[in-house]
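S.K.: As a plain string of letters, each chain reads:
Number of protein chains: 2
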Amino acid sequence: MGRSSDLNSLKTCAVIGAGNVATHIAPALSRRLKVRQIYSRNLNNAQLLADNIGGAAAIDSLDSLQADLDLYLVSVSDDVIADIVEATSELTSGIWAHTSGSVSASIFAGKENYGVFYPLQTFSKAKVVDISKVPFFIEGNNPETSQLLFDLAESISDTVYYADSDRRKNLHIAAVFACNFANYMWKNADDLLRKEGLDVKVFRSLLQETLDKLEVMSPEDAQTGPARRGDVNIMNTHAAMLDTDKRELYQNLSNRIMKLYNE
Amino acid sequence: MGRSSDLNSLKTCAVIGAGNVATHIAPALSRRLKVRQIYSRNLNNAQLLADNIGGAAAIDSLDSLQADLDLYLVSVSDDVIADIVEATSELTSGIWAHTSGSVSASIFAGKENYGVFYPLQTFSKAKVVDISKVPFFIEGNNPETSQLLFDLAESISDTVYYADSDRRKNLHIAAVFACNFANYMWKNADDLLRKEGLDVKVFRSLLQETLDKLEVMSPEDAQTGPARRGDVNIMNTHAAMLDTDKRELYQNLSNRIMKLYNE
Numbered sequence: 003m004g005r006s007s008d009l010n011s012l013k014t015c016a017v018i019g020a021g022n023v024a025t026h027i028a029p030a031l032s033r034r035l036k037v038r039q040i041y042s043r044n045l046n047n048a049q050l051l052a053d054n055i056g057g058a059a060a061i062d063s064l065d066s067l068q069a070d071l072d073l074y075l076v077s078v079s080d081d082v083i084a085d086i087v088e089a090t091s092e093l094t095s096g097i098w099a100h101t102s103g104s105v106s107a108s109i110f111a112g113k114e115n116y117g118v119f120y121p122l123q124t125f126s127k128a129k130v131v132d133i134s135k136v137p138f139f140i141e142g143n144n145p146e147t148s149q150l151l152f153d154l155a156e157s158i159s160d161t162v163y164y165a166d167s168d169r170r171k172n173l174h175i176a177a178v179f180a181c182n183f184a185n186y187m188w189k190n191a192d193d194l195l196r197k198e199g200l201d202v203k204v205f206r207s208l209l210q211e212t213l214d215k216l217e218v219m220s221p222e223d224a225q226t227g228p229a230r231r232g233d234v235n236i237m238n239t240h241a242a243m244l245d246t247d248k249r250e251l252y253q254n255l256s257n258r259i260m261k262l263y264n265e
Numbered sequence: 003m004g005r006s007s008d009l010n011s012l013k014t015c016a017v018i019g020a021g022n023v024a025t026h027i028a029p030a031l032s033r034r035l036k037v038r039q040i041y042s043r044n045l046n047n048a049q050l051l052a053d054n055i056g057g058a059a060a061i062d063s064l065d066s067l068q069a070d071l072d073l074y075l076v077s078v079s080d081d082v083i084a085d086i087v088e089a090t091s092e093l094t095s096g097i098w099a100h101t102s103g104s105v106s107a108s109i110f111a112g113k114e115n116y117g118v119f120y121p122l123q124t125f126s127k128a129k130v131v132d133i134s135k136v137p138f139f140i141e142g143n144n145p146e147t148s149q150l151l152f153d154l155a156e157s158i159s160d161t162v163y164y165a166d167s168d169r170r171k172n173l174h175i176a177a178v179f180a181c182n183f184a185n186y187m188w189k190n191a192d193d194l195l196r197k198e199g200l201d202v203k204v205f206r207s208l209l210q211e212t213l214d215k216l217e218v219m220s221p222e223d224a225q226t227g228p229a230r231r232g233d234v235n236i237m238n239t240h241a242a243m244l245d246t247d248k249r250e251l252y253q254n255l256s257n258r259i260m261k262l263y264n265e
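Residue numbers (the working numbering), protein chains in the order written: chain A, 3 to 265; chain B, 3 to 265.
Treat the hints as calculated values from the structure; they're not laboratory data.
Careful: at least some of the hints might be erroneous.
One copy or two, either will do: identical chains are not told apart, so a pair holds if it fits within one copy or between any two.
Listed below are the simulated DSSO-like cross-link pairs for lysine-lysine, each with C-alpha atoms no more than 27 Å apart in a straight line [unchecked claim]:
| hint | residue 1 | residue 2 |
| --- | --- | --- |
| 1 | K197 | K135 |
| 2 | K36 | K129 |
| 3 | K171 | K203 |
| 4 | K203 | K127 |
| 5 | K248 | K171 |
| 6 | K13 | K135 |
| 7 | K171 | K197 |
| 8 | K135 | K203 |
| 9 | K203 | K129 |
| 10 | K248 | K261 |
| 11 | K197 | K261 |
| 12 | K261 | K203 |
| 13 | K13 | K36 |
Just chain A, same shape as in the assembly:
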């Protein structure tokens, strides 16, 4: 897609939500356009965020939303988006975009222009995140909207992709493996280390190194360990030292890795 959009047509915006995602995105957006309003059911939360953004007003009623803004960014929990859409059904102009990885863009079907502005990151309010390093995944209901949202994302992040709902779903599954299941492996390691009076923090440096390897090689090439080597003696020793539950997991994963590398 060519760079045909004119980002200057996005001059004003409301941020609907004052949670973790909104807290990180709104200030970044405010360097590109005027954030006029921050909505939260909790006025204090809206005010806290608005205080960080020159010229933004905190509101706690969707009826107070200005009708003439160029962008409405809906950054609330997945299960609240539909309520927001319903409560703003009279506002149909401007671009409406949510920041969710798992909600379809078409939840905005009553609006003229809409899409998704999804940052692939876990945010917590307390922690500073370099937004330029966060990949964004963009969808729009028409090419112009796609392009505008894409260009807006590119103005705050180094890495922006298009992704329709199916693609975002696949990204989500991949993230379950990469984050949720990897964390579950750390949980199992933590269990074993606690028996030794230690915990998984003792692996901090080792885990960082393991993660850093992904910068320079694929995880397939980075794989190490007894299963990768096909070292059956070590694997049997390990299995014998584990309880039934962890043994089943150890053997299942080891067999998978062995199959991958030693066939």
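Starting from the known structure of chain A, arrange chain B on it as the hints suggest.
M.R.: Chain B alone, transformed into the frame defined by chain A:
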């Protein structure tokens, strides 16, 4: 154990091996004692490492090892340690220690004083590692040797533990879960992302965040995702989008996590 050792009794040392581990440990040790000799079958490798350490001589024959050194640090592949022990059977004085996580200390049983000086880290020659952040696990065949090796480790690292062979074995199993199996999860994510024309590097920032959480909470508390929430709809949608092999893995791990959190 009290701090009874006198680190000054370790004045001189030979490093046997010039691989990844030796390359990182020898320079750190050289700030604490005189590294007199670096052995490698490949004289060039020994010389390369010796060049980084003032006063160390490169040797490629174990017959050239000085008999009067205080410490002999054996930092070679696990399956070569026995050969080194055999080839040096006439040298019995000084402290002999290897740097392996999985070889028993008693491989040195013919020597007077021996032990293990195990850095829990994956090293690669090209990458600088802050050795002070690497945890060391120490074993000795008598209290004085244990204490000397412990104190030596503590002079180069912030984190030093005692660990007998069983404890090191448990650490190794935990590391298989934490590193090898976590990497395997990244491999599966990578497979899924490649279908979308992406790769696991797109998760770099997300994975760093996931890892950083372990600084402030246990992996049990840090667990997120559909299985943690018991969100059966999402899990079924995901399972339906996966091939048989990945589906089996997804369901196995999801069921385990669900069981852990939703009982």
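S.K.: Evaluate each hint against the coordinates.
M.R.: The hints, checked one at a time:
Taking CA atoms no more than 27 Å apart as the test, K197 paired with K135 passes between copies only; the shortest distance there is 23 Å, against 38 Å inside one copy. With identical chains, the CA atoms of K36 and K129 are at most 27 Å apart within one copy only, with a shortest distance of 24 Å there and 45 Å across copies. For a Cα distance limit of 27 Å, the shortest separation of K171 from K203 across copies, 18 Å, qualifies, whereas the shortest one inside one copy, 32 Å, does not. Proximity of K203 and K127 under a CA criterion of 27 Å is satisfied in both settings, with 23 Å inside one chain copy and 24 Å between copies.
Taking the closest pair of Cα atoms, K248 and K171 come within 27 Å of each other only across two copies (15 Å); inside a single copy the shortest separation is 30 Å, beyond that limit. In this assembly of identical chains, K13 and K135 lie within 27 Å of each other by CA distance solely inside one copy; the values are 24 Å within and 48 Å between copies. For the homomeric pair K171 and K197, the shortest alpha-carbon distance between copies (12 Å) is at most 27 Å, but the shortest distance inside one copy (38 Å) is not. Taking the shortest alpha-carbon separations for K135 and K203, both the intra-copy value of 25 Å and the inter-copy value of 11 Å come in at or below 27 Å.
Proximity of K203 to K129 under the C-alpha cut-off of 27 Å is found in both arrangements, the shortest distances being 19 Å within a copy and 22 Å between copies. In this assembly of identical chains, K248 and K261 lie within 27 Å of each other by CA distance both inside one copy and across copies; the values are 20 Å within and 14 Å between. Taking the shortest Cα distances, K197 and K261 sit within 27 Å of each other only across copies (21 Å), while inside one copy they are farther apart (31 Å). Taking the shortest alpha-carbon separations for K261 and K203, only the inter-copy value of 25 Å comes in at or below 27 Å, while the best intra-copy value is 31 Å.
Taking the shortest Cα distances, K13 and K36 sit within 27 Å of each other inside one copy (6 Å), while across copies they are farther apart (67 Å).
The structure agrees with every numbered hint stated previously.
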